[in-house]
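J.: Now for the letters of each chain:
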Amino acid sequence: MKISKKIIDNLKKGGVDFYLSVPCKLLANMIDILEKDNDVYYSAVPREEEGMGICAGAYLGNKFPCIMMQNTGIGNSVNAIVSLLQLYQMPVVFLISYRGTPGEPVGAQGGMAKITEDILQTLRIPMLHCSSENDLEKISTFSKHAKVVESPVAILCDFNLMKDDK
Amino acid sequence: MNRFDLLNKIQNILKDNLVICNIGLPSQELYKINDQPNFFYMLGSMGLSSSIGLGLSLSQNKNVISIDGDGSVLMNMNTLATIGNRAPSNYTLLIIDNGSYGSTGDQRTFTDENTSLKDVAIGAGCKNVVECSGDETVNELSKAIDDQNNSYVIISKINSGNVKIDPIPLNPITIRDRFRKFIGIVKYL
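Same order as they appear, the protein sequences are chains F and B.
In terms of my numbering, the first sequence opens at residue 1 and continues consecutively.
In terms of my numbering, the second sequence opens at residue 1001 and continues consecutively.
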């Protein structure tokens, strides 16, 4: 719970006040925290690409949105990221559980893990890779950076960082 | 009645509300009929008009109308479940259902065969789902906007067919900023 709380605290400190998720077991604690938090909006959504659209609308309505998802969700969202969020220069934080990184028990997650950072790099999306608790302090500044550069940004949280966050 | 005729008929309702307009010909036709700063024209991301409008309606209090098409809703059908569970009362989804992919040359969609978006919307949990003719749409859309307590999904059944039209000569940042200025967020321009 400590890691999840720190992530949400830092996102909120960075101004993020609108959250969506396509669930992942590594995100479960964060979802619990957000569901009990009356200061911010939270909802689950069925698909990441749709979530990108909702985030775009939330930005137009003066919210600072974050979508939480597995790295597989980036694969589901490439056109929405390029032809909506980047085309109109909309700041959105992607909080990504980085499945398929060391510690991952499900072999099939390895495929998307191998290309996740390449995809984000190809899309020119600034990345913050969190592999230890110390990295989480950078999340608030990094989130604010999304607003300054009017761009989506991606925060990648390693499997081993999240897995024991009971 | 085709889409251009319908957009002409409802323009007086649209001009007083925040409008998210579907990519391609719907946006180009709306731009030609009566361009307004409170119209957000989609230049990409087919399928997401309903979602952008939903996010906007959850984030501020003005009425929001998402103008979508049958082909686009078929592409992002999970949106109806999200709307069915989360849409606030200031949200109206207007699906212009002409049974065809208008912007790509009027190929038939599944709503011209076996699929009923009305039934899908009801099954997905949407309240106040109305299927109507093009002529009835003005009245139904007015009712939806005037009702401050409920969200609506209106499926307007019209004929396919397009008018000859040019791309929208606005860049995306202009569309974004004048829209946000209308809401009162962006102060410059």
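Source of the hints: derived by calculation from the structure; they are not laboratory data.
Where hints are given, some of them may not hold.
With beta-carbon atoms standing in for the labels, derived distance ranges [to be verified]:
1. Ile1033(B) with Pro102(F): 36 to 44 Å
2. Asp1135(B) with Pro126(F): 44 to 52 Å
3. Lys25(F) with Ile1122(B): 30 to 38 Å
4. Gly1105(B) with Lys2(F): 41 to 49 Å
5. Gln121(F) with Gly1105(B): 50 to 58 Å
6. Asn1139(B) with Gly103(F): 47 to 55 Å
7. Asn160(F) with Ile1033(B): 32 to 40 Å
8. Lys166(F) with Asn1012(B): 38 to 46 Å
Here are the simulated DSS-like pairs of lysine-lysine, each with C-alpha atoms no more than 27 Å apart in a straight line [as the list claims (entries may be wrong)]:
9. Lys147(F) with Lys1062(B)
10. Lys1181(B) with Lys12(F)
11. Lys138(F) with Lys12(F)
12. Lys13(F) with Lys1181(B)
13. Lys114(F) with Lys13(F)
14. Lys1009(B) with Lys144(F)
15. Lys36(F) with Lys144(F)
16. Lys12(F) with Lys1062(B)
17. Lys1143(B) with Lys147(F)
For every residue, glycine included, the Cβ atom is placed at its ideal position computed from N, Cα and C.
J.: Taking each numbered hint in turn, which are not upheld by the structure, reported in ascending numerical order?
T.: 1, 4, 5, 6, 7, 8, 13, 14 and 17
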